[in-house]
Amino acid sequence: AQKVTQAQTEISVVEKEDVTLDCVYETRDTTYYLFWYKQPPSGELVFLIRRNSFDEQNEISGRYSWNFQKSTSSFNFTITASQVVDSAVYFCALSEVILTGGGNKLTFGTGTQLKVEL
Amino acid sequence: DSGVTQTPKHLITATGQRVTLRCSPRSGDLSVYWYQQSLDQGLQFLIQYYNGEERAKGNILERFSAQQFPDLHSELNLSSLELGDSALYFCASSVVSGQGKNEQFFGPGTRLTVL
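Protein sequences, first through last, are from chains H and U. If you count the first sequence from 1, position 27 lands on 27 in this note's numbering, and the numbers rise without skipping. If you count the second sequence from 1, position 31 lands on 31 in this note's numbering, and the numbers rise without skipping.
If you're looking for bench data, these hints aren't it; they were derived computationally from the structure. From the three backbone atoms N, C-alpha and C, an ideal C-beta is built for every residue, glycine too. There could be a bad hint or two in this list.
Capping the alpha-carbon separation at 30 Å, the derived lysine-lysine pairs in BS3-like fashion look like this [as the list claims (entries may be wrong)]: (1) U:Lys9 with H:Lys38; (2) U:Lys9 with H:Lys70; (3) H:Lys70 with U:Lys57.
Cβ-Cβ distance ranges computed for the label pairs, FRET-style [stated by the list, open to error]: (4) U:Glu75 with H:Leu118: 41 to 49 Å; (5) H:Phe54 with U:Thr15: 43 to 51 Å; (6) U:Asn77 with H:Lys3: 25 to 33 Å; (7) U:Thr15 with H:Glu59: 31 to 39 Å; (8) H:Val46 with U:Glu62: 45 to 53 Å; (9) H:Pro41 with U:Ser79: 25 to 33 Å; (10) H:Thr78 with U:Glu75: 26 to 34 Å.
Next up, chain H with everything else stripped away, as it sits in the complex (with noise of 0.2 Å):
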């Protein structure tokens, strides 16, 4: 069964910090799909980015970065210089195809809460 794992259940940084959020993954599917959200105090979830598992590049948005690491099974998002609007929980999540029924599903971690203070 897929499974993710983010250690870190809560983090406070001052503003303009760096901070990296850790996710960790176990899946048998030689390829396959990890994906960020957000989901800001309003509640609801922000897509943020997808990053499949045959592309080790590294990608950068803005602020934003994230590290993907085969070997280590590991998919980290750093946040530079963060902002207060950046308090958030972060889920990583996991893609699944369902082969039985043609479906698909996203496995998520507990999340990441991210408190940023000035």
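Given chain H, work out where chain U should sit, using these hints.
Just chain U now, kept in the frame of chain H:
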């Protein structure tokens, strides 16, 4: 705004009652997913429909059922409600089914409180 709509936003009801949650996917998306978010279980996949057909099932209770209508909107029916069913219920949509690469876009959720 993801383009996925869910109604109602909040729902307060009593134990033993039945409720219906509604979801409209993004324009062009044929797949609808339902997830439950609770403090003790986290974010859990319940069920997926694609173009009206059930495609995947998670840890969905027998008291819960869902369907997707010809106009692609979906409803999640929860019956014989218990206190433990209190949670945030999300609907998500994606273009296709059976492909792990497609990101799912989530609606704002329906917060269900069972008293």
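Consistency of the hints with the structure:
Of the supplied pair hints, the one linking lysine 9 of chain U and lysine 38 of chain H holds, its CA atoms being roughly 19 Å apart against a limit of 30 Å. For the suggested pair lysine 9 of chain U and lysine 70 of chain H, the alpha carbons sit about 39 Å apart, so the restraint of at most 30 Å is broken. Proximity of lysine 70 of chain H to lysine 57 of chain U is assessed by CA-CA distance (about 28 Å); at most 30 Å being required, the pair is judged to hold. Distance hint for glutamate 75 of chain U and leucine 118 of chain H: a CB-CB separation of about 44 Å, consistent with the stated range 41 to 49 Å.
Between phenylalanine 54 of chain H and threonine 15 of chain U the beta carbon distance is about 49 Å. The supplied range of 43 to 51 Å therefore holds. For asparagine 77 of chain U paired with lysine 3 of chain H, a C-beta distance near 30 Å keeps the hint of 25 to 33 Å intact. The hint said 31 to 39 Å for the Cβ distance between threonine 15 of chain U and glutamate 59 of chain H, and at roughly 47 Å that hint is violated. At about 32 Å, the CB distance of valine 46 of chain H to glutamate 62 of chain U disagrees with the hint of 45 to 53 Å.
Range check, proline 41 of chain H to serine 79 of chain U: about 31 Å between beta-carbon atoms, so the 25 to 33 Å window is met. Between threonine 78 of chain H and glutamate 75 of chain U the beta carbon distance is about 40 Å. The supplied range of 26 to 34 Å is therefore violated.
In summary, the structure is inconsistent with hints 2, 7, 8, 10 from the numbered list given earlier, while agreeing with the others.
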